[in-house]
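Novice: Protein chains in written order, with this note's numbering: chain A, 554 to 685; chain B, 77 to 557; chain C, 6 to 822.
FYI, nobody ran anything at the bench for these hints, they're computed from the structure. Ideal placement from N, C-alpha and C gives every residue a C-beta, glycine not left out. Heads up, a few of these hints could be off.
Which residues of chain C face chain B? A partial, calculated answer using Cβ under 8 angstroms [unchecked claim]: (1) His545; (2) Val550; (3) Asn599; (4) Thr652; (5) Thr653; (6) Ala654; (7) Gln656; (8) Ser708; (9) His810; (10) Ala811; (11) Asn814; (12) Asn816; (13) Glu817.
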Amino acid sequence: MPRTEIMKKKLAHLALAAVLAGSAFTASGAVDEDFMRNVEDTFKSADSAIGLKDAKTATADARELEKMFKEVVDHYVKKGDAEEGVKLSEKSIALSTKIVTTVAANDFDSAAAASAELGRACKTCHNVYKQD
Amino acid sequence: MTNDQNARRRFLVNAGYGIGAYAFSGLLPGGGFISSVQAAEFLDPLAPKQPHHAPQAKAVIWLHMAGAPSTLDLFDYKPDLVKLHGQPLPDSFSKNLKTATDGGVGALYATKRTWKQHGQSGAWFSDLVPNLAAHADKICFLKGSKTEGSTHVIASLKLHTSGLVPGRPALGSWIQYGLGTSNPDLPAFVVLANGRSTGGGGRGQVIWSSGFLPAVYQGTAFRQGDSPILHLDRPAGISDTEQKNTLDLLKSLNQRTAARYPADTELEARLRSYDLAYRMQTSAPEAVDLSKETAATKAMYGLDDKSTVEYGTNLLRARRLVEKGVRFVHVISGSPDDSLPDWDAHNNIEKNHATMARLVDKPIAGLLADLEARGLLKDTLVVWTSEFGRTPYGQTGDGRDHNPWGFTSWVAGGGIKAGYTHGATDEIGLRAASGIVDTYDLQATLLYQLGLDHRKLTFQYQGRQEKATTVFGDVVKEIIT
Amino acid sequence: MKRKAAYLAVVWSLSGVMALESVAVVAAETSAVEVAPRRGSQSQPHWAYQPVARPATPAVKDAKWVRSPIDALVLAQLEAKDIKPSPDADRATLIRRVTLDTWGIIPTPEEVKAFVNDKSPNAYEKLVDRLLASSRYGERWGRRWLDLTRHADSDGYNTDGTRPNMWRYRDYVIKAFNDDKPYNTFIKEQLAGDELWPDRKDALVATGFLRNFPDEINARDLNLKKQEIGNDLADTISSVFLATTANCAQCHNHKFDKFTQKEYYQLQAYFANTSFRDDVTPLTGKDLSDFSTRQAKWEEATKDIRARQDALLKPYIEKAEADRVLGFVPETRESITKPEKDRNAYDRWIYHRNLWTMSGRTRNAANQMKEKDKAQYAEFEKLSAELKKFDSLKPKDPGYISTATELGSSESPPTHVLFKGIYDRKLEEVQPGLPSALSAESPKIVPTATSSGRRTAIAGWIASDSNPLTSRVLVNRVWNQYFGRGLVDTVNDFGKMGQKPVNPALLDYLADSFVKNGWSVKKLQKEILLSSVYRQSSDHREELVSIDPENKLLAYFPRQRLDAEQIRDSLLYAAGLLEEKVGGPSVYPPVPANFDNRNAWKVSDSQADQHRRSAYIFVRRNTPYPLLDTFDWANPQLVHGRREVTTTAPQALALANSDLVFEWSKALAGRVIREAGESESARLDRLYQIAFGRTPDKSEKESLLSFLDKQEKLVGTQLASGKKAVAPIGAKDAGAVKEKLEGLFKTLYGRTPDKFERATLLSYLDTQQIKTAKAASDDEGAGASAGSAAKANPARSAAFVELVHAVVNSNEFLYRL
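With the hints as extra help, turn the sequences into a complete structure.
Specialist: Here it is in structure tokens:
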């Protein structure tokens, strides 16, 4: 990509971020800062449970995460112009599901890998949408 | 466990590590959980432990620039910002920006420094750090550094403990927990505070606390002067042999009590703590005694100059400590006098940064040169970082506000690519735009170089399996040799 | 042999608090002794929020052992595991234990002897009554209350400036414990004394509890400051009285305790109008009118001089004032520059707080003048000298009281939920209210003419007989202090993340009795102290190591290392140096030469002040007194619920190397010689009686004597090569010397010397005597022969001092068994 292209893309990203940041979590009811904190707490609990090979908690948490990320998808869809948010939250649902299935198969290594990947998805999304 | 380790453990037990009163679980690095019953067999939390993989580094010297320098005036050269000087922050940048303090968003504020490229790598340095610039090719810049939290307290906690509230262990504690100590006569995690900010860069002990890890892993703050820990000198009028005799008597008194309570490891620990205390009387002052350093070495660290002598002394001490097997030395930059608190330049950034840069520039350059000359740089990670950076827009006319969105940190040595730049901020230096390295990633990378996998180094606390970088953090592979 | 599960912990750092508590938690969770939830299923309210229910006294097999329902409740758990309790400790051990626990110092040999020989059936009860009646009791237990209150004599933060009035709160607390003030009253006075009893000075002082928050006087953002104080108050009261960790809810709904963010701010709203003053006079009645009369006279006489001084200072003050106001963030400036009539409740708080930043401005202005205009300053100085001439007219400065206040208004500023806890990101407004998990309804708030009444309301709810948390939390704190572990191990967290009670019935029994006994802390303590559980021997029992490795069921008494104050105070007391004066401004005993904060620590001139009990030592919030700090002293930055016990090399260094401890050892050696006379054997007996409450057996004595022989030889050689001998202090404070000294003092000063003056002189005389003796032995050309009277032998005297030093370093001294 030529440099100007990169610059344009970067600026577009920033503009998008600017539009969505701040207001994204507070304006539309359910998916707000508290909600995202709950997501993070639940995720931390799930990650810990995977480490401790506690299948029951890991599964319950991952199921909860699936539901939560569905709400996040809805949130970004409703919001509009938030492809990245939709994409990443959909990916997060898939990863939560993967945690459920791998834990069911007693494959905690894969579950841990999925959990790490989920952490990355969180951070990537935050880089775009979370501005403080 | 190998025979060597067993022997080592016996040695340490006999050599006098204390034994705490509390049952202890979850000691094994790599997440192996041991019950309290098994823990009885595993008595020494500081014994050297096997890393997860072959390490590239043995120690960290953590150069903590407390108060947050403007890397836009040191390393992150932004010609566009110079062009835009005096203009308001473009809307595309400023919308919904949660500003750090109450100064609001001022006009864009160009750096007033003169800039040049240095070394084979051609890295940019401002004239605030001329000595450091000479070491351009030893440094790996992380120009897309990013964090969260716009107050010093929160961002400092995140930088050091990966938490936003007090209570989590500092990175140095995790490292000690993961690797143990390699010199039983010295603490493995030492804090060297500089100048006025002896309280921890104003952030207090919470940034070098062991948090929920056992207190044994907490950082030890060394005092300035000859006696880094209180009471290292025998009482006046008592000779060494006299004291040794008295301590022998004490031991026999304590052995009587211990015999009455054979299951009490704490009594035994107290008995043994005197052996260690006795050895520390020699080992601790020796570790900070610079009298055997040559005049040339001292000059290299700026010990011959009033404005750099204190910070230089700390860095020279840091080198001596690392040489002796200390794993993590946290050096807080502090401030030279009452004229300013630290790097926190909300106003008059020129004066502040001139003073602060002068304070650290020569000593850090000296440290890098000295470590290299002694062959220590290859396995020592020198990390230059701060809780956040400062904004490209001005504040109160001649200062800059806090900027957690994008700033520069750097690492040298310890198997990190030298003369390399990773990541960048946007064209005005407001936000990290590429090669984003969050504090979690920086910590994960340092752990990796020390042979520890941040996903496997765990501790069980209140039913949760905790990790140094929480659920986040990725090793920045791009910067590893 | 199986060892108690433990980890090696030589802790390098000087203080380490948080971690051990959490380790204990982990350990507790994995322990073999699992306690089933008491009642009901998951859907029922959390155990701690259920009403206190007095349990039936369980039937036990070993009924003889039971002295009170406490014993039956403990024994029932033991018998369920087939464990027998331990027999009573021997009397000497018991009196040492109970004296340390109630007074914080060791008993004298005479007290030990009297108790051991007391054949009356209620000998122990008499002892307990005597201990609880002494003012030493309040000095120990009051200090532990201070641990919870983040009490300090300074602000904290960066400047850590002195708070000259907070010793009054410390004295209030000590007195409250000594008077056995009912705990419910104690709560009300501390939370709302100014609202409930505005005319009672002690009730104003009591609100020092609230005033203890860490602060930065010169904060530039007072809006933020107000929020920080609000957070501190909500967190502190929920932690201290309710063992509830509310602070997580500051930023988000509490994950575990169903404490919502809204409820957190509702709790804060009780304190929305709470301000503080540090300038209330402590005087009342005639004292006050006398003071005012004298003050007015002085003011009248000096009116002109002071007016001329003020005129000189005016331009400097005006400049400083302009800078000061400009230094605030804009939002703060807005509140403080409004005309008084336009100030709302919020502005009023900010305006009042802004006044604090004016402190020291006259002094600063004078310094400015000194720098800028020498001539003018000379004039100013001249006026100061003139002013000084009127000092005889001036009344003695009575100091001030710090108190909570609502600035004479019943109207509170609004409280908002804050987005992520960020102080200027206001969401919905909330009214005062209690968390629904804790209370179905919130108490009615009745404003007074000068106050919102909000604190009275919450204090009344906390202190009500039916509040299940308040009494449980307090009895658990008391239990924790006696047994080193609470019935609920997490003393500051009774929430879902905390531990469940190890003996819920016992907890409820104690809580219920406590309230029924009129919230009497002394009655509660007496019942615990008289129980068989408390009186048990701490002897090792091999069979328990595997059944109850952590002694959660208390089949034996848990021995404990003395805490920081117990160590220092007992050392001073043993040495005969402890100065037992109750109350008054804080004192500054000596600190090590390389102590960090030496500049902020001006050592007390008076020897007596240097030897006061530790509870009276000045608390510099950021740098607590080092000797105490080394031994796990309370962290004055936060609510400190439990003193941890770490075992560290710096502790060994402090006791083995500190000049203070060594001086005290010399004084103890002197006391022993003074009291035991010339016989070395009698001296060793006396030393053991003082330090351990027992006499050494034959083999112990032999090893002590062999140390003396060996050390004497070594010291003798060293002395021969010119080394100075260390010597006991005050060994001769008897008979003729004493009379001579007193006579000398009477002649010179018209009074008798105090014990420190006497000690100084005696130590001087001792030195002289050693010199003479040394000269004499040099003349003889031979070392003194072993076994001869110690007085003539400086080497043996030095050896004896070192022996004493080893004894006070020993575990038998440093533990209560």
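Novice: Under 8 angstroms is the threshold here; is the Cβ of threonine 652 of chain C close enough to any Cβ of chain B for the hint to stand?
Specialist: Since chain B brings a Cβ to about 4 angstroms from threonine 652 of chain C, closer than 8 angstroms, the hint holds.
Novice: For the hint on glutamine 656 of chain C, just tell me whether its beta-carbon gets within less than 8 angstroms of chain B.
Specialist: 7 angstroms, holds
Novice: Is the interface hint satisfied for histidine 810 of chain C? The criterion is a beta-carbon contact with chain B at less than 8 angstroms.
Specialist: 6 angstroms, holds
Novice: Does asparagine 599 of chain C pass the interface check with chain B, least Cβ-Cβ distance below 8 angstroms?
Specialist: 5 angstroms, holds
Novice: Against chain B, is alanine 654 of chain C within 8 angstroms by beta-carbon distance?
Specialist: Because about 4 angstroms separates alanine 654 of chain C from the closest Cβ in chain B, which is inside the 8 angstroms limit, the hint holds.
Novice: Double-check glutamate 817 of chain C for me: the hint is only fine if its C-beta lies closer than 8 angstroms to a C-beta in chain B.
Specialist: Status holds, d = 5 angstroms.
Novice: Holds or violated: is there a CB of chain B closer than 8 angstroms to the CB of serine 708 of chain C?
Specialist: 6 angstroms, holds
Novice: Identify whether the interface hint at asparagine 814 of chain C stands, where standing means a beta carbon of chain B within less than 8 angstroms of its own.
Specialist: Since chain B brings a Cβ to about 5 angstroms from asparagine 814 of chain C, closer than 8 angstroms, the hint holds.
Novice: Should the interface hint for asparagine 816 of chain C be scored as holding, given a Cβ-Cβ cut-off of 8 angstroms against chain B?
Specialist: The hint holds - asparagine 816 of chain C has a Cβ within 8 angstroms of chain B, the shortest such distance being about 4 angstroms.
Novice: For the restraint on alanine 811 of chain C, tell me whether the closest CB of chain B is nearer than 8 angstroms.
Specialist: Constraint on alanine 811 of chain C satisfied, holds at 4 angstroms.
Novice: Should the hint that threonine 653 of chain C touches chain B count as held when the rule is a Cβ pair under 8 angstroms?
Specialist: 6 angstroms, holds
Novice: Please verify that hint: valine 550 of chain C, Cβ, nearest Cβ of chain B, below 8 angstroms or not.
Specialist: Since chain B brings a Cβ to about 5 angstroms from valine 550 of chain C, closer than 8 angstroms, the hint holds.
In summary, the structure agrees with every hint in the numbered list given earlier.
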